[in-house]
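Respectively, the protein sequence lines represent chains A and B.
With this note's numbering applied, the first sequence has no gaps in its numbers, which climb one by one up to 510 at the end.
With this note's numbering applied, the second sequence has no gaps in its numbers, which climb one by one up to 746 at the end.
Treat the hints as calculated values from the structure; they're not laboratory data.
With a Cα cut of at most 20 Å, we get these calculated EDC-like pairs of lysine to aspartate or glutamate: (1) Lys323/A to Asp359/A; (2) Lys742/B to Asp432/A; (3) Lys737/B to Glu606/B; (4) Lys474/A to Asp207/A; (5) Lys323/A to Asp308/A; (6) Lys729/B to Asp578/B; (7) Lys729/B to Glu436/A; (8) Lys737/B to Asp386/A; (9) Lys299/A to Glu265/A; (10) Lys574/B to Glu721/B; (11) Lys498/A to Asp488/A; (12) Lys414/B to Asp403/B; (13) Lys742/B to Glu436/A; (14) Lys501/A to Glu480/A; (15) Lys368/A to Glu606/B; (16) Lys130/A to Glu208/A; (17) Lys710/B to Glu689/B; (18) Lys737/B to Asp327/B; (19) Lys737/B to Asp461/A; (20) Lys574/B to Glu714/B; (21) Lys737/B to Asp432/A; (22) Lys742/B to Asp461/A; (23) Lys252/A to Glu262/A; (24) Lys468/A to Asp488/A; (25) Lys152/A to Asp202/A; (26) Lys737/B to Glu436/A; (27) Lys178/A to Glu262/A.
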Amino acid sequence: MLKLHGQLPILHAATRAPYLVTVTKNARIPPDLKQARALLMQPGMDPTGFKTILTRGGEKPAGSPESDVFELSGDYEYLDEGDILRVDPSSGSMRCLYRRNSIHNTILLTEQCNHYCLMCSQPPKQADDSCLMDEAMELIGMIPPDTEALGFSGGEPTLYGHRFVELLRHTKTRLPTTAIDVLSNGRAFKDMAFAKQYAAVQHPDLLTGIPIYSDDPVRHDYVVQSRGAFDDTIQGILNLKAVEQRVEIRIVIHRQTVDRLVRTCEFIARNLLFVDHVALMGLEITGFTRPNLGLLWIDPFDYKDVLSEAMAVLNAYGMAASVYNHQLCTVNTDVRVNYRKSISDWKNEYLDECTSCTKRDECGGLFSSSKLYKHSAHIRLFT
Amino acid sequence: MSLFQGIEQYQAPTAAYQLLPFRFTSLDQDQYVLTNLAGEYLIVDRRTLVELQRHQLSSTDPAYCDLRARHFLMDASSLIGPALLSLKLRTRYHRLAEFTGLHLFVVTLRCEHACPYCQVSRQSEDTLRYGMSPETASAALDLALRSPSQHIKIEFQGGEPLLNFGLIQFLVQEAEARNQRLGKNLAFVIATNLALINDDILRFCRDHSILISTSLDGPRDLHNANRPRPGGDSYERTIAGIARARQVLGSDRVSALMTTTEASLPRVRAIIDEYVTQGFTGIFLRPLSPYGFAIKTRSYRAYNAERWLDFYKQGVDYVIELNRQGMDFAEYYASIILKKMLTSEDPGYVDLMSPAGIGIGALVYNYDGSVYASDESRMLAEMGQEQFKLGHVLTHRYEEIISSPNLLDPLEESFAYSAPMCHDCAFEPYCGADPVLHYALYGDYLGRKPESEFCRRNMEMFRYLIRKMESDPFVKQLFMKWANR
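Okay, chain B solo, but in the shape it has when bound (with noise of 0.2 Å):
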């Protein structure tokens, strides 16, 4: 007799399995996703989904095992699967503890652009009736620092921050000097179309280790086109501008977001050469916002989800060509879904949170002292809708603001894992809840899912990120390192 056992004696004694929470849908024809509790995913085919279910599966089926060991099912031989599964989900919300780590400043609305489809900007000459002052902003930034988050991010905002940037030296050295006594993590993003950059400014930028966020929609005609101003130049500024911020700050420090237009549909390819061009590592493709001027000019009826994805999935197959070609090029918005798909940790961006991101994930402190619950919530305010408006910073306490019930009620009722449909949706520990977007729709915090365009999208970009990952070896290798950028 060996002195060793077969592994068949390793197995549990009884074919009884348990079934640990999951969620599946289908992928195609044959094939279902499941996601499990932490958000790990499987594919397998109806069969054995079927089987599965029914504790039918038997434990030589080759499915049985990834099932066993990815915690879809727990049977005797090891009862370790809870343990992690928890572990993975106290890890994925680990952030909401830390609450509200993101602060955006409106430091003005003043804008010297013209874009049809901005939400908020004023072309006013009055510069004192559109920009915040010293006495909003630092009541602003006392709240700011009221939040219990070691790690706080202030951003400038505007209209064009630039035209009230001697707001922005007074919060940048006042946060600096009042968080001398608090020692939290303090960082600063100005985003900005660059047209008015200058050397002070970037200069001030680099002492104060000051982030640029700008905007580059395309090539020269497709970003004049986008975003009009006087002498039609903001393409060649905002080259200009980056390639000087780059030169003072590091070429780290300087990161641009585009808009999806009409016009930028059929021209993804062109998009994407112009952020090669530029020198930049990778490109977020986003659609367009239903907020402000957006809605007022239609430009976000101009295309629809269906469109927007074949910009998108055009895009990202675009991305993962110049990959295979030895490129290092991400896509971000894939690499947000991902790390939702293949890490246990939460990216923290706020379209995709549930509990969604409103206050929790970011709050806004709006020129006139107003503070919403987050930039799209201040848009929705610009078009007479106040429901996200959560006080005044000079009228309001911090605990009044975050315990408004104009940011309870819709976490609350937004909540996906509650949500109908939701909560049955394979797909929600990688969706978010976003209750401002579903109100400006719908008259709700919640919309109706089979209606909603929301839902569509972000549906078809998760079995299209899946779909590509799964059916070649390259692209799940470059994904999991997006997931881990």
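Next up, chain A with everything else stripped away, as it sits in the complex (with noise of 0.2 Å):
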């Protein structure tokens, strides 16, 4: 697992407030540019005038009184050239915001929900944390249009409402070949007029994920923790469709689900057969999930049959449907048509017995949550 944020020791503060910075490994770029610039410093180089110093020496190098110089740990490695950073010259918190040679960079906009999911990765607090949309409006304008993907989530996007659209339509403006994927519980589309201005930025190229994770309200409903969710959200996939937005529907697998997984696609087969992709998702073993394992936990082995025939479902209607965040030993044969290699690079391991198995490489592997706190215990080898 790549460590994307931390405390680094701080060897010079030059400036106070935090600000964003493109890592470079040049240090002979045009001395305007430098002031834009965080260097990852290399021996022999003169760092002079750059805005960000980071080295690996532990000591502050020469000649940079208008730096602000980090120490760097073994944890970075992977920064490189073109990656975007958070500073904050003040306290040392780095956070990596963009990794030039991934295809899996989300960006988070906060940190607020209106759900509380059994699930949640990323368990919300109440915190006004507006300053990461602020960030994110900056980060949009650094990121280089050349990329290829990028993710928008939270927390929930869409309760920041008219900001939200407002990022959509600069990203539009700033990245026009980029494709974006939010991540949203879809209630706030159930405001037809919300839904309209979302689909008049006309992005050429957004999908908007959406959770439904029962064809039963009442246990959609316990899922997300929300009264009235089912409604907002079926609503609001309904109201998105009907602005010709594209949509997928996302449905985490785990105890609470599994039971009426069949019936809940053949619910979406029924009812929603115009969304534009079905996933069917592995469990991540993070955030509120460590506390409800006991209530969540089922092992992928033991709902395998299962998965095939709610896959049967959706590929019988012929949706598009996808597995993601499952193990190859852990499933049939017959979804391997479906079978995605799905896990983010930075949260992606294999267990140390997997390095002689010989489906590896089509293998997504597990979270590096799963290797840390519980997975299948059947993963085994092919050979």
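Make the complex out of the two chains shown on their own, each in a separate frame, by following the hints.
Shown next, in the form of structure tokens:
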């Protein structure tokens, strides 16, 4: 697992307020550009004039009185040319917001949410964090336009209302060819006026991913811990499709959703056939899932026939559907056509015993959190 | 205290629930089929049904969640049901607004076959007597292209339409030319026994994307007994024609239909084997219709609904077994019904539509210029009953034809949702109004359902298909695929 954020020892602080900065390994760039770059120091480089200096030595390089200087530990070996960081020279906190060589860049817009899902991987907080939105607006302006894909997530991004629509508009202007995935609970779109504003951005490559955890409204409301959620979300999806937005339905499979998984897929095929993609997803062992593990855990090996049956329903109805977050050795071969390597690179690992598996390259592996806390008892080698 | 609330906290605060519109009928001794407004079904036992309609069903009953999720009942936990139901219902009926998509041109009544059950053909040598004239064809084409539908399918029928191939060429070229400014999606089909097919005809079909629909009744002896022609070589000619047509047009451009005669009844496996052997990916097991010579020669009365059902069930059972062994092969009548059962789309099959498919689903332009509400309507006319004649291409305008009382009256009077017994029938969403058939048999558009063979046959088919998929997960998956073909 990559460490995307942490505290860095401050060797020198020239400024106070946090800022975003792009990483470079090239010390010979025009002086004005240095003002907007963080130099990854190598021995022999002249760091003069850089906004930020990231050194591995622990010693403050000479001749850098206007630069913020931080010490990098081995955790950040992955940092590379073009990555974008948020650094705070007064506290030393650092977040890697964008990795140039990854297709899994997701921008966290808020930690606030109107759901409180049993298995939330990003437990919601109440505090005002709208500075994240300001930061995202700035970040979009710094990301190179040839970036393939980008995600917006939360919390619940649509809580920003019109500001979120503005972010999408800004993104379309700055990154017109980047595919955008939005993760939302969809409830805001039950307001048709908002759905229309959202659609009016006319983003050419936008997919809104919305969870439906059960065909039974009570069960869905229970999983997301919010009364009326099911009705709002369904109405939101209907509205989004009415204004021709692309929608993905996401179902996390766990003990509380697996019993009605097939019926939920039948419900989707019968009522929401017009959605663009359905993802059946394995459980990430992080956030609320850890305290609720007893309530949620079921070994994927034990539900593999249910997964096959659910996928067969979606396939029969001609829906585009995928299995996410599963290991090849825990699913039946009939879902291979729907199987995707889906786990974001920075939290994607394999068990030690997976090394000699002949299907390792085709396998999506595990969440780092699964490796750490809980994974299928049936991980086995293909030979 | 936990941060999280238990599921019971999300149930409706009271035990009150509201019934959404549904109908039910018995499936067997203890089981009932319930269907909702959109045609979704659920199987429950008698106790559940009784408690449900008495508003006594507990929200902890295992059936309760299913009934709520499929919009049979609604409680305070969720009010979205009616919106989804109405969406599905709108989807089911959306074709109606498009109006007539299928236009049948009877280019000649002549045929070189002499099939005893055939409804309409003539053996006349007189080419002019039973052929459609270019003037009639041109006027009929104008009417067909007046249809508001964006998708116009023109099917050439007979008799044997290839006996008037010159007129087919004229019509195809005219249709393409006139469509230049209309920009509709045109498709052509020739329904032929293939006995007269040749490479010139096939090249024309290829160049104009014309589909071939032929007749194959089963193995050689059965087919030839059903379809006598000079030389007794109908089967050989059909098989050779299919092979040639596939070669020139592509395999997916050639389809076949079979007619079930009394001689077919004991031989359903052999018939299916013939279709498999000939490389078809499915078969349409259809009963004989009670028209024309079929009634005159008593072929139709030769078997009743029960005997046909035995034939049909044996056939579908066999097709299922073929699939279980890994073969991809469908039965199309089941596929049509399953589409109604398992999806929100209407397959648009004329016999199983309500409002009826006459006029709305298809219009027939007879060789003599008469316009009929369906193929069966003109067959009935051949028997002297012109009840469903809508007008004539040379003397009536489009508006007069589609608002003819001979169309509107039967449409209105046969509408199943308001027909006695059909209105209360759980299978009404799967069934259809067939005013022509009922008129032919009973002298009115509705018939009396307890005596109706149509009703008996369909009811049992619905039950049979539901029992099949409810008792066997493999069949359920297979049927889902057929429903979405």
